[in-house]
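J.: As given, the protein sequences belong to chains A and B, one line each in that order. Residues in the first sequence are numbered consecutively from 1, following my numbering. Residues in the second sequence are numbered consecutively from 1001, following my numbering.
Please keep in mind that the hints were generated in silico from the structure rather than gathered at the bench. Heads up, a few of these hints could be off.
As the list claims (entries may be wrong) - For the chain A half of the interface with chain B, some residues (derived, Cβ under 8 Å), not all of them:
no. : residue
1   : R332
2   : S335
3   : W339
4   : E345
5   : A349
6   : L352
7   : L359
8   : L363
We put the beta carbon where it would ideally sit given N, CA and C, even for glycine.
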Amino acid sequence: MRLAVVVQRYGTEITGGAELHARLIAERLAARHEVTVLTTCARDYVTWRNDYSRGLSVVDGLPVFRFPVRWARNPTRFGRLQRRVFHREHSAREARAWMDAQGPYTPRLRRWIARHRNDFDYYLCFSYRYWTTYHALQEVHGKGVLIPTAEPDPAVEMPMFRDNFRNARAIMYNSHEERDMIEAQADNRDVPNVVVGVGIVDPPPVSADRFRVEHGVGGPFLLYIGRIDANKGCEQLFDYYARAYDVMVAQGETPPRLLLAGTAILDIPDHPGITYLGRITDPSKYDGLAACTALVMPSFYESLSMVLLEAWALARPVLVNAHCDVLQGQTRRASGGLWYNDGAEFVEACRLLSCDDQLGDRLGAAGKHYYDANYTWPVIEDKYEQMLDRLQHADKQ
Amino acid sequence: MSDYRIDYNAIDVDDLMSQVRARASGRAAADPTLPPVDRADVTLQLRDHLDLDDARPYQLQRELGLDTGWNVAPEDLYSSHPSFAGTVISAVRRLLRPITKLFINADLPLHKQFKTNIGVAAALHDLMQDNATLRAEVAALRERLDERSGPER
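I would like the entire structure built from these sequences, with the hints used as guidance.
T.: Listed below in structure tokens is the structure:
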């Protein structure tokens, strides 16, 4: 089959989010199909500045067509429009203005797709809320396979997206919670769909000891990997961790350290238990996951946490924010960790995981079993192939 | 953490989380000697406080001994500094009131806010009274416990 992957950014430098998801899927599908990537010249998702050259390039063997973003995002205008469309009744014109302000505004990409609509059998469009996917789905009516990567934020409730959710040829959801949320908004249960998610890069051989030596870590520790940002729940994590630390010290227990790896947007508190590692390499990340007492994921909004899967792939338990339905749902289905609704629950869960190694190992093993059954690449690829075959079969009839 | 009931061969995370929650809420739910807390009843009580008809806010305000000036009132929209200029400005605002009401009606949201403030004050009042009662009961219980355990030390 000839497949086009439409995504807002694409490149080996982009190591997270829906863009990494798109790249991993594109690379895997390319083994059996003719895959072309349609994207923008942007590397930075805040400004959409044109950092890559326009036109055709090759990334890891895949042809990538890049289209220039016409204007960088104006954060003031975008913020003003977003407050209006998220929290007030708004007109369709205001919603379109918000979409244009959000970007990446790429009219050439839309025109290109309109001209080449029949060059591809299906268009795999990632991230429902961005300009590229929103308009691509409208141009390729009947050929668009949507991978929404939706989070439970007000955008998903906007009426402007309902048609795309209903008219997509098929939808590949990241989680059961994401499917429930979108079906509740768009009433699109008749659209062919499957909960599939994404696999992860195969972890290299890991060594917990190597990580402990490299970073000078002894004893139990919780590990956070990702952008250290208030939007990711890190501010709350610092607060809850400090409480857990105080309670455990008062009880004569050894509190786990909290290690943070990733880019820090937020000021990291000066606390005896908190250590900032900075950005770490992938091998070091996997070593850290293998060594940790638990991976902690404090985010309120996630459509699928890949680092959660990485922890389970290495048979380590997780501790997640229960206010994120997806994280809690996945952890519950996997029996791969614990979750917390408030500071007191975080303290207890933290104490339990730190003091009971056997429990941590059992939860990690359950997580590994869940990962093997649902998120290894053969399982993911099989779900994509089955859906594409199903669509092709239906189209031929 | 030996006080957790864990079957390591078949871990039930929901059961584990209910134990975590029980301990997190001060072990109250795990203590069979204490009656269970009816959270739905607490929610109903709060709703009762906030669900005020038109007469009750004024009655509550009197019961709580609150000065009428503490809460928002439609007059706040027109009042100004008590100087001569302020009085004039205030009078002009009142004169223009029928015209401004053509464009916005601030009285309605102000009245809603007035009622909400009273409801919150009443809830806080009851909470503080309950808290004071509980503290007195805890002090009395502690005293009785000290009296009973004293001779055995």
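J.: Does each hint hold? Answer for all of them.
T.: Evaluated hints:
1. R332: Holds. Min distance 6 Å.
2. S335: holds (5 Å)
3. W339: Holds - the Cβ of W339/A comes within 8 Å of chain B, reaching about 7 Å at its closest.
4. E345: holds (4 Å)
5. A349: holds (5 Å)
6. L352: holds (5 Å)
7. L359: Because about 6 Å separates L359/A from the closest Cβ in chain B, which is inside the 8 Å limit, the hint holds.
8. L363: holds (7 Å)
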